[in-house]
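Trainee: Mind docking these for me? Both chains are given alone in their own frames, and the hints should help you get the complex.
These protein sequence lines map, in sequence, to chains A and B. Read in the numbering used here, the first sequence has 98 at position 98, and its numbers run on one by one without any break. Read in the numbering used here, the second sequence has 1040 at position 40, and its numbers run on one by one without any break.
Calculated directly from the structure, the hints in this document are not laboratory data. Please note that a few of the clues may not be correct.
Covered stretches of chain A, going by a simulated chain B footprint (3 or more residues, C-beta under 8 Å) [unchecked claim]:
| id | stretch |
| --- | --- |
| 1 | 13–22 |
| 2 | 262–271 |
Reference listing, derived: stretches of chain B covered by chain A, where coverage requires no fewer than 3 residues with Cβ under 8 Å from a Cβ of chain A [said to hold, decoys possible]:
| id | stretch |
| --- | --- |
| 3 | 1081–1092 |
| 4 | 1098–1107 |
What follows is a set of in silico ranges between Cβ atoms, one per label pair, in the way DEER data are often shown [stated by the list, open to error]:
| id | chain 1 | residue 1 | chain 2 | residue 2 | range |
| --- | --- | --- | --- | --- | --- |
| 5 | B | Asp1076 | A | Val231 | 21 to 29 Å |
| 6 | B | His1064 | A | Phe141 | 29 to 37 Å |
| 7 | A | Phe141 | B | Ser1141 | 49 to 57 Å |
From the three backbone atoms N, C-alpha and C, an ideal C-beta is built for every residue, glycine too.
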Amino acid sequence: MTPNTSPYLSPNKMLNWSKKNLFSSWVNTIMTVIALIFLYEVGTFFLNWAIFKADFINNFRGETITDRTFCSKNIEVGQHGACWAIIFVRFHQFMYGFYPVEEAWRVNLVYAFLPFALIGVLFDKLPLRRVFLYFTFAFPFIAYFMLYGGPGLSVVATNKWGGLLVTLFLGVTGIALAFPLSILLALGRRSNMPIVKSICVVFIEFIRGVPLITLLFTANVMLPLFLPEGVKPDNLLRALVAVTLFQSAYMAEAIRGGLQAIPKGQIEAAQSLGLNYWQTTRKIILPQALKIAIPPIVNTCIGLFKDTSLVLIIGLFDLLGIGRAALSDITWTKLYYEVYVFVSLIFFIFCFGMSRYSLYLEKKLKTDNS
Amino acid sequence: MEQVIQLEKVNKWFDDFHVLKDIDLTVTKGQKIVVCGPSGSGKSTMIRCINRLEAHQKGQIVVHGTELTNDLKNIDMIRKNVGMVFQQFNLFPHLSVIDNITLAPIWVKKLPKKEAENIAMTYLEKVKIPEQAQKYPGQLSGGQQQRVAIARSLAMNPDIMLFDEPTSALDPEMIKEVLDVMIQLAEEGMTMLVVTHEMGFAKTVADQMIFMDEGRIVEQATPDEFFNNPKSDRTKLFLSQILNH
Ligand SMILES: Nc1ncnc2c1ncn2[C@@H]1O[C@H](COP(=O)(O)OP(=O)(O)OP(=O)(O)O)[C@@H](O)[C@H]1O
Ligand SMILES: [Mg+2]
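So here's chain B without its partners, still in its complex pose (with noise of 0.2 Å):
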């Protein structure tokens, strides 16, 4: 299998706080990665390594075959590539959803206006909310704006899409219409890397599952082997205590 992502003995530090502690990870090309874990235990700074909004200090990651440095081109490279979802949505408040969309399209790959709000019309559909295009950001509701904030990735047609918590945020009342946009993105066939605590999407979705605390990787598994046969402690504990409640 095509290796698209590969950590090797990444290390990280805020300051003196050790937060990333030798993490290994590979993922293949259409592999499904749902990251969990308590809070604090450096799951969102893990995947904002991948992107480079987080620079590392120790070890190396690979993405493409490129290796993230402090070299810009590299970085702007893999960025074009990865997409991200985070947990606020960051939709841009002064402009209306459409322009949100075809902005780095139009200023990044330099498409033409017409071709780009095309392209915005057609994942504005697939997310289900193609008669929103002229709305602002702060007009929409949550889960309204968290499926712009995916279509807005997805316009600059990435290979990988990185989640972070992108239902945390959400009403449970819109959790479930953001979810369905990112298993069809899955069934598609779409690389992503999920954290979330969403444990109906992970058995859903995931090939791996894996589960981080105090800055390391404690335990990587299939989902079976994950919900039913968990290996460490701290792994038993987390999932007793989120799947109760």
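Chain A with its partners taken away, still in its complex shape (with noise of 0.2 Å):
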């Protein structure tokens, strides 16, 4: 690297650091401008393809595009970019699937509230970290109670969730679920009593020996045999229970690292002192050893997130499972560029989002002095 330090650039400093990295021998010069073409030809031709060429609302001619006959690029053929009408006419179903549109406000009083449920969370120095924390645990009540309905509300029933909604239910419940779950799973490993150590083995073996969709079937297979008779689950509570054990056995693994970074001398100084298995664990080991986890607690975050899309085979539509229910209507057909797309871009959005966070922390955790 550079030995300025200083974060700020001038451009005096830009062009050393480039002559040291990008212009150094005659091979990296090369390697350099056929990298620029390269990023230069990728880059122009999908922003002309996403943005400058692209219809949104209305085609070329200004008329309002209502199906896939009046896209540009359907009327003059190789000369249009996108036609992201597609997204705008069917956003509704994206955001909430078939989640009544006079209703739709709730979801997004829960969406509008969802950063605030996390933030106490994610940022242990926040001001009235506490008050957010109170926040959070009452934030799954308010959000069944927004979302389901209750006294009041109207009830929508689950199988009316779809898109966006479902992937962030799903991906957000199942990993504040899990984490729990995980941490047992974690100290149950390695626990000193036999059978709390075997049940927990071959619990976090077994699923993590299996794929998410074989749970995600037998979910929906098993469960209603452990269920009184009558009593009908409904798909998204199956899928949710198959994520979040899914989830709970990887993150137990994480969390299972962490622990063992802990040197011994820190249990035996905290039993020395009369601290007992739960007092040593909660305030000596945890907060150490998932400080350490953090960051592939995190990675188990985001792969879960993705995975789950998979629910679309159960019958579901999470996000994903909306874009292709789009692509198969008939006055739609044909836009899987676009659908795609879009679809990607908000599974990217939250990943990124994730994976920055993480990065933010294992920083954090370099410069703390703890």
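Mentor: So, in structure tokens, the structure goes:
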């Protein structure tokens, strides 16, 4: 790296940096030029397709696009870019599935408050963190009431939920429920009690040994067997159970990695002071182990978030499922690129956010004096 | 004299390795015992059996009239009254100095936070680093960390203190500050069991010297006897090695 440690970029420094890193030799220069040309070509092609030559609501003649025959690219073949109208026309479905249009404000409200439920958990030096954490604990109940309904709000059955709502519901709830479960599993796996230990080992290894699809099918078929006759759990709940169990096994392994990094002396010091197992675990081991395990935990969360799209095989319409449904509509069919690019973009935004958060934490852990 | 620790024919194995062989030891109230011996002779294992960080398999260990068995209640009770200081300090790196010290008083003794903090400050003053209360262990020197560890143990108000080579991980210039604290503690009448090779310290404070080798107590005597007139050849050899370098 450059010896200049100042964070401010000046044209001079940038020039120096490029000389050193991009044009240091003939080979390096050629590679740089090729890469730049490539980036330029791909970039301009994509931007033209996605923005400059694309249709949004109207086509190039100024007509409102109501089906695929109005897309500019289908009128003048080869002259135009993407036809985003499919996203706009079906935007409600992408966001809420088949949730009644007049009730969509309830989902919006939940989306709007979700960040407030998360920041207390994500940032440990937040002012008023305690208040935010109280909200975090209350949030699932509020969200459930808002989304599902109850006294004063009309009930919207979960088979009406879809799109981003299902993706976020499964992702966020699955991760939130899996977290405490995974801590217990990780602790159980290191327990001295042989029975507890074997149960945890078998559970973790079994879940890690089968694909999520299998679990989803299994939950779909098996769950009704464990419930009293007549009680029919809905599909979303079955998917949630499968996703939670799946995630908890992976998270447990990430946490176990953190637990293993804690020196034995820490436990001995706590024991010699008279702290019992749970006190030692809560006050000494977990705070240190979770800190170490956060990057791998976030990795498993990113994986899970993407994997939620598998629920479409058990008949749920998550974001991807809604996209595929849109494509099978004969008035919109063949707009594959638009749909998949849009769905990917949404997944990317969330996963990239998690990935950046994990990087931020890694940096913070390095600089923390503790 | 009131007996506070009794070990009778204590035996311990790590798998099939016999670490402690028929250990007999009695400690009376206020007594200072220094344990020495070659590496691997079982010194650490012996004192770790006294607060049950290790479990013995044969024989009897009685602390304050309570026998150490698998009974968790007894173990908890004994640990509350027996403090331990480790070679590697083992401070909790995620807690500040003051939180390291108040942790056990608050959670084990259920003291109010304010009271626990007052106690913590008293002991930090005693080990002469009250100004470091808000720092984290990683910001302190080794000698300071070990003094915090001593304060942390003392804050539980134990009647017995176990030390396992408290100065052997320290740079030479920091050894004295830790030994000074231990000498002061000895003068105040604390019952102490110290594994150390600091023979100057041993001569100053010990009532009894114990020499261990291969899992046995080979020799037990007053410091005067021990240093000037050791009985066993192994003790002589050990002393000549340790005093000559
Ligand atoms: N947890 C363990 N499992 C197996 N063997 C062990 C364990 N702890 C200690 N030992 C062995 O028991 C013997 C005695 O160990 P101990 O730590 O008590 O010796 P020590 O006298 O304290 O030595 P040192 O001066 O090196 O600290 C050593 O041979 C050691 O390798
Ligand atoms: Mg030792």
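Trainee: State for each hint whether it applies.
Mentor: Tested hints:
1. 13–22: violated (count 0)
2. 262–271: holds (count 7)
3. 1081–1092: Our answer is that it holds, as 8 residues pass the Cβ test (under 8 Å) against chain A, meeting three.
4. 1098–1107: holds (count 3)
5. Asp1076(B) x Val231(A): 21 to 29 Å: At 45 Å between Cβs, range violated.
6. His1064(B) x Phe141(A): 29 to 37 Å: violated, 50 Å
7. Phe141(A) x Ser1141(B): 49 to 57 Å: At roughly 50 Å between Cβ atoms, Ser1141(B) and Phe141(A) fall inside 49 to 57 Å, so the hint holds.
Checked against the numbered hints above, the structure violates hints 1, 5 and 6; every other hint is satisfied.
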